[in-house]
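Asks: Residue strings, one per chain:
There are 2 protein chains.
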Amino acid sequence: MITTSANFATNDTLAQKIIAMEKSALDRWGQGDPSGFLEISAEDVVYFDPFQERRLNGRSELKQLYEGLRGTIHIDRYEMLNPIVQSVESIAVLTFNLVSYEKEKVYRWNCTEVYQLQSDGQWKIVQTHWSFTKPNLKLD
Amino acid sequence: MITTSANFATNDTLAQKIIAMEKSALDRWGQGDPSGFLEISAEDVVYFDPFQERRLNGRSELKQLYEGLRGTIHIDRYEMLNPIVQSVESIAVLTFNLVSYEKEKVYRWNCTEVYQLQSDGQWKIVQTHWSFTKPNLKLD
Chain A
190 MITTSANFAT NDTLAQKIIA MEKSALDRWG QGDPSGFLEI SAEDVVYFDP FQERRLNGRS
250 ELKQLYEGLR GTIHIDRYEM LNPIVQSVES IAVLTFNLVS YEKEKVYRWN CTEVYQLQSD
310 GQWKIVQTHW SFTKPNLKLD
Chain B
190 MITTSANFAT NDTLAQKIIA MEKSALDRWG QGDPSGFLEI SAEDVVYFDP FQERRLNGRS
250 ELKQLYEGLR GTIHIDRYEM LNPIVQSVES IAVLTFNLVS YEKEKVYRWN CTEVYQLQSD
310 GQWKIVQTHW SFTKPNLKLD
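Chains as they are written, first to last, in the numbering used here: chain A, 190 to 329; chain B, 190 to 329.
Pulled out of the complex, with its shape left as it was, chain A reads as follows (with noise of 0.2 Å):
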């Protein structure tokens, strides 16, 4: 919810939109229905999860990844931690740690979300990157 810099404009009124847009999303997300991040998700989107061999490159590459997850997703709870957005002109990176509650399993998430404004005056994803908070690895 902060902005830390001196270089970036404090602006909690569109941080507080950024971060109540990611949550908007997330709900659905954790009721097993993607489309809440794919109708913020631009046409030149950028994605990263731990899940895929490389970075997939726009829209229609997400949305093929995300309607092969549709109804498989149920996450109880999460808890959003320490938000920040930091924001200039017409980007808004939104970074934070997430807890996520499926069941009995806990996972532990970073996440970097960059939105845009776009011409049509709304805001959207442009790049995502999530991964694991400290991997739990099997060594080879």
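Certain hints may be false.
Identical copies look the same in the list; a pair holds intra-copy or inter-copy alike.
Unchecked claim - Derived DSS-like pairs: lysine-lysine, alpha-carbon spacing no greater than 30 Å straight-line:
#, residue 1, residue 2
1, Lys294, Lys252
2, Lys212, Lys294
3, Lys292, Lys212
4, Lys206, Lys327
These are calculated hints, taken from the structure and not from any lab test.
None of these values were measured; they are calculated from a predicted model.
Place chain B on chain A using the hints.
Replies: Just chain B now, kept in the frame of chain A:
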């Protein structure tokens, strides 16, 4: 090297400059010298990598981490795969996959860097997110 978007101006010169800055810092990193990244990280940088419990906030936290790694990293060579720079006004978002070779080991990474043009005319990193590509997870 390409921009993917109707919204983002195509700016090959800027893309090449940002990619060159990243590679120059990576070259020094691979020789055990974290100063390349520290010199181009802004005071208000936020930072994720897979070994941190949470997002690091600010260059002082990043410096503490990186100084502890000075002299310990040795990358024989790396390949930066399909870098894209999405740029608008004073922000450039660089994303790429990276394959790094360290003795017999190969590491695959996802990376997002957000660069911002500072008031002194220098581009600096305000957000870094490193994660493993398809980490081999130990299931508890």
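Asks: Taking the numbered hints from earlier one at a time, note which ones the structure violates and give those numbers from smallest to largest.
Replies: Those not satisfied come down to hint 4.
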